[in-house]
Amino acid sequence: MAHFTPFASLAGGTLIGLAAAALLLVNGRVAGISGIAAGLLGPERGDAAWRAAFLGGLAVGGLLVATLLPGAAHDGLVRSAPAIAAAGFLVGLGARLANGCTSGHGLCGLSRLSPRSLAAVVCFIGTGAATVFAVNHWFGGVL
Amino acid sequence: MKRGLAAFGAGVLFAVGLGLAGMMQPTKVVGFLDFSGAWDASLAFVMAGGIGVLALAQLAKRRLARPLFADRFPVLARHGIDGRLVLGASIFGVGWGLGGFCPGPAIASCGAGLGAALLFVPAMLGGMAAVRLLDARRHAAAEEETGAASPTPQVG
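Going line by line, the protein sequences match chains A and B.
The first sequence maps to residues 3 to 145 in the working numbering.
The second sequence maps to residues 28 to 183 in the working numbering.
This is chain B alone, in the form it adopts within the complex (with noise of 0.2 Å):
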């Protein structure tokens, strides 16, 4: 119930953020990538705001023995740069710049009621789903290959 209460919060205050930043104007997330026309810097200063009170926390993190709520800090599992993560990355950029939304001010914009996130966000969990299932496919025929399947790193 607490970390419930805890991760609603949280989410209520990511969405604010959001907000205060320009990232529910889809408009303005165009304007970003924009580098050819009238670029507009602002997603910068979103980046280096939250990328600076991240860093803060990723510090206090390492003097925690745990979370507030839970057993232990997420393990995030280390592996190299390679070609799914740049293809996926690249497809992501593709569709960040022909809509405007990313996954989060899609969501908040959802709660606004934006006409444009109603529709985006369905189709990107329908894209969601057809990775996850890509991916149960490739483990049964891997299971079936060599009787054992590796799990697939959940990072976020």
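Bound conformation, chain A alone (with noise of 0.2 Å):
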């Protein structure tokens, strides 16, 4: 199990909130990365660009992760094949269902006091939590 780490968690989240930050101050757009994900599988003209860039400096910054921060990027957990693109799909599907993720609800939503994003927190938590709970009692913590 991983451990408790309040301290680093807070120091990346304010991190986070300042990239969303300066997206919305400097470029007037919202960081919901599944929307902009979204965005570059049909882009209106001009739209493509930035998305592009955005998502590759996300790349990127994975990699500079990886490179300086050892063991910030590591993948523990115990997932066939198919569950991880199960996974995969449900997450895209119901992120473009819902208008937002984790990025765009969670933070963005929150910080303006939208009650969608409230709503849509609330059941995504839950459910998460319920499949963690399913997975980790019911198959032994191995899907």
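Simulated from the structure, these hints should not be mistaken for laboratory data.
Be careful, since some hints might not be right.
Claimed, not checked - One side only, chain B facing chain A, incomplete, derived with CB under 7 Å:
(1) GLY46
(2) VAL57
(3) LEU60
For each residue, glycine too, the CB sits at the ideal point set by N, CA and C.
Join these two chains into a complex; the hints should help.
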């Protein structure tokens, strides 16, 4: 089980907030990752470049994390390939139906006190917890 | 060009924050959702940090006429809590709990070369494409019926 890291997590959350705030105040865009990615699937004219730039930065930043912070990008979850693929599909499907994910609803939406976002956060933490309970207690933590 | 650079920089910073926060460790995400086991409350601190900064940004936004590099701030469609939102967020949670990834950390973890993320992200794009297809069909059907289509709001 991972260890409790309140200070690193608070610092990381602050950086995430700064990045989302910069995107809002500089480019006038909401940092909803699922919305930014989905917009690339059928971009309107002149709308693709900043999305690709942001997602490219996200991937480059991920590489930086793996290089500079050993252990910070760590894949220790016991899941089969079909389970990972199913998880990805559900996350993409759900995020588009709900018009947002953990960043768009959980951070941006809650910061402007949106009731819709609060409802979304309650729903995804609820079903997420139920899923983890089911995997851990009915499948022995392996799926 | 300057907008692209700003977006790239924001992306890099976002990913570094995710890494520091522990979001690129699916075991940690699952630990946060494991209320009946050894609960790891760290992700609540990620949210607190992010929401704190963004709340200040919302206040700054009110004082600014427009964004630095753009003509106007995003206008978000105001509509209530509907079945689509509840269903979508609930489906999202199942995938999140199952894989331990949400979209941001999954894409950043692709850059880090995590095998699970390299499988998760294409599947995620497939799920997004499925909704796009579904919506396009419903729009076409609605247009045939009423002669007008309602635009889908984009939030994030």
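Consistency of the hints with the structure:
1. Here the hint on GLY46 (chain B) is kept, as its CB sits about 3 Å from the closest CB of chain A, short of 7 Å.
2. At a threshold of 7 Å, the smallest CB-CB gap from VAL57 (chain B) to chain A is about 5 Å, leaving the interface hint in force.
3. Interface hint status for LEU60 (chain B): upheld, as the beta-carbon distance to the closest one in chain A is roughly 4 Å, under 7 Å.
Every hint, counting from the list given before, is met by this structure.
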